[in-house]
Amino acid sequence: MCKICSEDYSLSGNDIRESLKTFLHAIINQLKIEKIILYGSYARGDFHEYSDIDLIIVGDFEERFFDRIGHVLDLVPHDLNIEPLVYTKEEFEKMEANGNPFIITAINEGLNLL
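Mind the numbering: the sequence shown is residues 1 to 114 in the working numbering, read in order.
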């Protein structure tokens, strides 16, 4: 079960939280997802009404990078402004091992939803 479904993260309004839960359930059930990290303004709590929801999604993917993003975006409800970055486990672990500043910051400051 994803953590956002069981914990009360302070997303702006129940509608966004419920839509995000629906989206997370859809990708978890339809794709082979191993990790989801919420990062950016929603993770920090300094979001505003036009903020996007930044997610790193790690899983077992065969598609090329941009095709993966398109596949995930096809599952996003129309009322969510989600910006997903979609990596294979190997890609993510390599970036982490190489000390990629973006990935390290997301790991340290983000919220692990799965």
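Think of the hints as simulated: they come from the structure by calculation, not from any bench. Incorrect hints may appear among the rest.
Once the Cα atoms are required to be at most 30 Å apart in a straight line, the calculated DSS-like pairs of lysine-lysine come out as [stated by the list, open to error]:
| id | residue 1 | residue 2 |
| --- | --- | --- |
| 1 | Lys94 | Lys35 |
| 2 | Lys94 | Lys21 |
| 3 | Lys35 | Lys21 |
| 4 | Lys32 | Lys21 |
| 5 | Lys89 | Lys32 |
| 6 | Lys89 | Lys21 |
| 7 | Lys32 | Lys94 |
| 8 | Lys35 | Lys89 |
Sort out whether lysine 21 lies within 30 Å of lysine 35, counting only the CA atoms.
It holds: about 15 Å lies between the C-alpha atoms, which stays within 30 Å.
Are lysine 89 and lysine 21 close enough, with their CA atoms no more than 30 Å apart?
Satisfied, since the Cα-Cα distance of roughly 23 Å is no more than 30 Å.
If you draw a straight line from the CA of lysine 32 to the CA of lysine 21, is it 30 Å or shorter?
Distance ~17 Å between lysine 32 and lysine 21 Cα, so the pair holds.
Given the proposed pairing of lysine 35 with lysine 89, does the C-alpha separation stay at or below 30 Å?
holds, 9 Å
Is lysine 89 within 30 Å of lysine 32, Cα to Cα?
With a Cα-Cα distance of about 11 Å, the restraint between lysine 89 and lysine 32 holds, given a limit of 30 Å.
So if I understand the rule, the pair passes when the alpha-carbon distance is 30 Å or less; does lysine 94 with lysine 21 pass?
OK: lysine 94 and lysine 21 at ~29 Å, within 30 Å.
With the threshold set at 30 Å, check whether the alpha-carbon distance from lysine 32 to lysine 94 stays at or below it.
holds, 19 Å
Given the hinted pair lysine 94 and lysine 35, is their alpha-carbon gap at most 30 Å?
Answer holds: lysine 94 to lysine 35 is near 15 Å, not above 30 Å.
The earlier numbered hints are all upheld by this structure, with none contradicted.
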